[in-house]
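If you read the protein sequences in the order shown, they are chains A and B.
Counting from 1, one number per residue, gives the positions in the first sequence under this note's numbering.
Counting from 1, one number per residue, gives the positions in the second sequence under this note's numbering.
If you're looking for bench data, these hints aren't it; they were derived computationally from the structure.
Quick caveat: nothing in here was measured; it's all calculated off a predicted structure.
Warning: the hint list may mix true and false statements.
[Claimed, not checked] Using C-beta positions, here's what the derived DEER-type ranges look like:
| # | chain 1 | residue 1 | chain 2 | residue 2 | range |
| --- | --- | --- | --- | --- | --- |
| 1 | A | Ala53 | B | Phe137 | 34 to 42 Å |
| 2 | A | Trp22 | B | Phe151 | 47 to 55 Å |
| 3 | B | Tyr68 | A | Trp29 | 22 to 30 Å |
| 4 | B | Asp33 | A | Ala53 | 48 to 56 Å |
| 5 | B | Ile156 | A | Ala44 | 37 to 45 Å |
[Said to hold, decoys possible] Heads up, simulated DSSO-like pairs for lysine-lysine below, C-alpha to C-alpha not over 27 Å straight-line:
| # | chain 1 | residue 1 | chain 2 | residue 2 |
| --- | --- | --- | --- | --- |
| 6 | A | Lys79 | B | Lys126 |
| 7 | A | Lys79 | B | Lys149 |
| 8 | B | Lys51 | B | Lys92 |
| 9 | B | Lys126 | B | Lys110 |
| 10 | B | Lys110 | B | Lys92 |
| 11 | B | Lys84 | B | Lys149 |
[Stated by the list, open to error] Chain A is faced by these chain B residues, among others (derived, beta-carbon under 7 Å):
| # | residue |
| --- | --- |
| 12 | Pro131 |
| 13 | Leu147 |
| 14 | Gly155 |
| 15 | Gly158 |
| 16 | Leu162 |
We treat Cβ as the ideally placed atom computed from N, Cα and C, and that holds for glycine.
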Amino acid sequence: MGLESALGEGYLTTRVDSLTNWARANAAWPMPMGLACCAIEMMAFAGPKYDAARFGSEVMRFSPRQSDVMIVAGWCTYKMSHAIRRIWDQMPDPKWCIAMGACASTGGMHRCYGVVQGVDNFLPVDTYISGCPPRPDAVLHALMKIQDKIKTEHSVMLDT
Amino acid sequence: MSLELSEPLQKVVDSLSEKFSDKLVDVYQSSGDTFIRIEADALHEICSYLKNDLHYVYLSDIIGTDRYTSEDRFEVIYNLLSLKDEARFFLKVWCEEENPELDSVADIWKGANWNEREVYDMFGIKFRNHPDFRRIFLPEDFDYFPLRKEFPLLGIPGSIELPNTTPDTD
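For reference, chain B alone in the conformation it holds in the complex (with noise of 0.2 Å):
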């Protein structure tokens, strides 16, 4: 399938393959939007290139999945925004089942602290020198990740604390 990109996109692409050509996976386009994937192990080195140079300074949401595949079965999508060029794309990385960790992006754009701390609260995908790294959302002790799909739609049965109903014995 041709791609239709827009120019500033464009202009992204062609900069990405020339830099980092064999980093560079997949580039596609689904319901209008533009889609890049790329080697999880760049993802740092890309991400602060496409911050300081293409001008990709605003990091809208960051989004984990479960992809529910025998291999590389976690993904993360970065939605970033260009002001300058009013340009979005998604940039997506693939991570094991075993230990799934990426870099954190936290040192590039500040607000991607607490996007990262929930990707990890609801899939338990970990990010490397996150300057404050713990679960947002679920208590310290809890010691399941609920957006994964093997985790039932209930919950685990007293997993999670519920108040004591006679506060007059400890």
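Here chain A stands alone, though its shape is the one from the complex (with noise of 0.2 Å):
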């Protein structure tokens, strides 16, 4: 039924990069961070329709300590941004980070004193979706740009 019914007896070659690569990116828990409207298209992406599960993101983690994605869904206030950089410090390396929305790539129409202009003014941001809200699969492309990036990133080194 699986991978051993079609390699039969033989076997195959790889690097311990691929394939660390390869189960990460597969398995990337998000770390779900709804602020505002951007966050009830989250859970559509998480939903059955449009089925994060195909992609090995399907598990929410409400802690921290469990996930790898962190999804910024939704405009930030200068007073959440602590809270919210300190969710980010404790999620486990290698993490990665989606910023979801106009509001959370850019401040978005909340152009104001409260609102942080761009949650990359405190967190390495890997993707940005542009919308407001945008739709559940521009949340999956931005999922599958950063499985990319987890595939080409060297995920073991040699401790000389």
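These two chains come separately, so use the hints to put the complex back together.
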């Protein structure tokens, strides 16, 4: 049924890097940082119609200790930024970040003194999604971009 | 313009002009609402009269306004509701740009506590005898009042702290 029946008595060769990246890319568990209306679209992204399970990202982990991808969905105030950064610092490496929607990417329509004009002011964002709010497809697209990025990373380093 | 006041509001205006004739500045109507402007020094006295004698027990909201005029720049609006008479009106006071200060009505309506703190937070209008007078939304060390007209839309850069992005260092 699985890989072993396809391989039969044979074997395959690969690099540890590729194997690790393949495993990581297909089990990127999101940390849902739902701050505003984008969070509703993020729920649709995880739900059965758009089905993030196809990409191994269906497990929304509400604990930062168990998650790999933080999806910042919504506008972020200066007050909230400290909480988000704290959660981000609690996530174990390696970790990735998606800025979902116009507000998380640039501040969006909230052009005012209380809202951080883009979460990249305090987070290392890997993927930005445009839209207000973006469709769940766009979140899937961002997730696939993250997967592509993971697959090009050097995961194993020789300790010399 | 002649006023078309409902019966309970007519009672309010009549009794205020009888008891506080020199403190009543203006009574007018706009978009179906009634506005009564009074002198700021009689605010506390008139408010306790409105609550205790005219049964305006519910203070719905307190609003601050920057009129951006050279005199009496700030305005504070009290949105008052009588549950008995089913009547609502707006009580207004003006105050100066230099050291704007009003009497707190938090001892009359307890709900005024946070509303007054919000007005202070956004406009810098101080309230005398307030039980817990400090900012409500913005950090205590924030130096500006953001809803004043001269405050820039995007704020003052660096005036609110962002988190430390290198947590392994101090």
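### Task
List, from low to high, the hint numbers that the structure doesn't satisfy.
Violated: hints 3, 11, 12, 13, 15.
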